[in-house]
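Once you've looked at the hints, dock chain B against the given chain A.
Chains A and B, in that order, are what the protein sequence lines are. Take the first sequence: its position 199, counting from 1, is numbered 1186 in our numbering, and each next residue is one higher. Take the second sequence: its position 251, counting from 1, is numbered 246 in our numbering, and each next residue is one higher.
A hint or two may mislead.
What the hints assert, rightly or not - Counterexamples of contact, computed for chain A against chain B with all Cβ distances above 10 Å:
1. Ala1014
2. Glu1112
3. Val1172
4. Asn1211
5. Val1213
Stated by the list, open to error - Below, simulated SDA-like cross-link-like pairs (lysine to any residue); rule was C-alpha separation at most 20 Å, straight line:
6. B:Lys80 / A:Gly1094
7. B:Lys215 / B:Thr91
8. B:Lys80 / A:Ala1079
Hints were generated in silico from the structure; no laboratory data involved. Ideal Cβ placement from N, Cα and C applies to all residues, glycine included.
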Amino acid sequence: MDYSQTSFWSLVSFSETGWGWAFVQGAWLTVRISLASYLLGILLGLLGARAKLGGNRTLYWLAEGYTTLIRAIPTLLLIIVLYYTGTRFFDATLNVLGLAGTMTLNGFAAVVFCLGFILGAYMTEVFRGAIQALPPGMDEAARSLALSPVQRFRLVTFPLMMRLALPGLNNLWQSTLKDSSLVSVVGFAELLATGKMVAGETRMYLTFYVFIAVIFLALTLSSNAVFALVARRLDRGFDRGA
Amino acid sequence: MTPKFLRILAAVAVFATGATAAAADQLRWGYDLAPFPPWNSRSPSGEWSGFDYDIMEALCTHMQADCEIVEIAWDGMIPALQANKIDIIWTGMSITPQREEVIDFSDRYRRGPAAYIAEKEMNLPISVEGFEGKSVGIKKATNFYTYFEHYYGDAATVKLYDTTDDIIADLSSGRLDVAMGDILELQRFLDSPDGEMYEMKGVTPVDPLLGKGAGAGIRKGDTALQERLNTALKEIRENGEYDAIAKKYFNFDPYGSD
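The following block holds chain B by itself, in its conformation from the complex:
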């Protein structure tokens, strides 16, 4: 081999390794292109905001990574991750056993709990005694129902509904004592003029029946990234950054109590 050829080869090698080193610090975060405020929100000009976005920014600062958002329809997320188009599935993918067979997850970063709401005057401790004789409206075929039936099914009378709106309608007309459901949907009702007479009586704790919450989806075996994400997540949980972001958007803890 001629020295000139070797020099070119060396230059190519330097170039190639330089390129990969830069690429390693570049993280591509997959966002569902259909936003779901207040978790994530997108302006017409393409700027993202919301809880998920702020958490991502905080994590990226701690990991000292160069982060980029890739918008993909939800159905294409896992294929995109596996084909190396993105490095992380963000915007709230629930950790489920089926998904854990094909991808890995970071620790959970949020788990919106279910809430109980009832009239302000009502005394409602969240316990078997508290629910004794109460009628409780819950959405059909949800984890909420499985959870409630398991712990309080014997004490309360459960009524099942198709939508949260139907539950609220029956609560307002006095046919129900308590409404149980997604905290954001119920909060929206409480904030409206119709919700004045009602208040939140409590939220569900973290429980296997309610699922494990949402984590960052990563490629199987990408343990280096998993470690970086978990470390950064722990740091922002401990130094209060997470709580500061949560307070901006919610009056409950989106991490879910353990």
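Isolated chain A (complex conformation):
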């Protein structure tokens, strides 16, 4: 098909020959993958920070190995390795159990696991830094009130620490939005892959690369607004200038 006479707006329209829905689906997949892996990353990050600061030597070295290894390897390489060896391991396990071919690993879950696992290493360091930056008197005051360890974390450490971790978390969210495009190598048509697809099909490379850059910018700007709201809430009771 020759697209040289077709206007840009009809190409991104929602008609039968337009790519509008493909872009919406791509952007939605990007947001879903990013959100899910971000939440998993936060969970792993909190566990990692806890392991590093908890005082147990075995846990400390486990967490140290995790953050060192993951942060030293390029994300693209990790995704390929984790995704393919991960699914192979899953298939092999089924084989051993005699259930070969009965189940397949959900691709979305596998991808979210990979990205979240990588993200968790970075989150660990953000949370560890934020917890260590808290004045020791905070935790001591909580102890003197006879709060249990869980209560101390939930009521004192976590809300105070989140305020300090937020800028780092915002950074990580923005890189997650963009890193999620790496999963196209394992066959997911997220936003960037959709852009490549349309660019190849129409031969209008520059046009569509700029177009998806604009969508990524819009996603970043709108998520910045959310982070600003969270920051305002966490800053309650603090002098903004401090």
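Only chain B this time, still in chain A's reference frame:
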């Protein structure tokens, strides 16, 4: 063991073998998710078409296989093949010695040749005598250049360019006698109003310097599939199906003459 347990075991075995037999006839073809028309083209709703797609359909009919398309970014093709996510790498993977170390290939199914274009009035036999004293524009760092320099470098004056568009610009302004390059790119120029005064003078033959063309990439040692693909390919080459598909898209032979 109780008879009941044995019956369950037998049922599971039948189920498992039945499942594998079905899976054996199921072939998953890896497509680069970025299309490259007219070799392959994708509609917004996800239907594929184009030369590669038609050839795949013909092969699948001959192999009596149930074929499925898997869209993957080009960088992830070989890992996906090795991890058993796909059975065949399609959409034009060139057969190169480096790739042959990690995967196997079927015979080639296409090899877009390079073309020579020049003004219609010019007499240009594709030979050392024909190129004597002619200036020829070629893209830098390509197999085309290596090939041309090897056979006609002494006769012609070669000028190197960054893009085919630059070559065409110099050809149009009379600074070049001949443009050599990718046949599809040059054909697009010939079909445009600016290309009216020019015509194709010839195409390159199959030559080791130009690479071995593109084949279907398959897992190392998957000789059964390799044999099936090669047999089917031979059949559609011989019964004219291949040529009929080629005529739909091109006015040259995408298989490349031997």
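Hint check results:
no. : hint                : in the structure
1   : Ala1014             : 15 Å, holds
2   : Glu1112             : 29 Å, holds
3   : Val1172             : 3 Å, violated
4   : Asn1211             : 29 Å, holds
5   : Val1213             : 30 Å, holds
6   : B:Lys80 / A:Gly1094 : 11 Å, holds
7   : B:Lys215 / B:Thr91  : 14 Å, holds
8   : B:Lys80 / A:Ala1079 : 14 Å, holds
Checked against the numbered hints above, the structure breaks only hint 3 and satisfies the rest.
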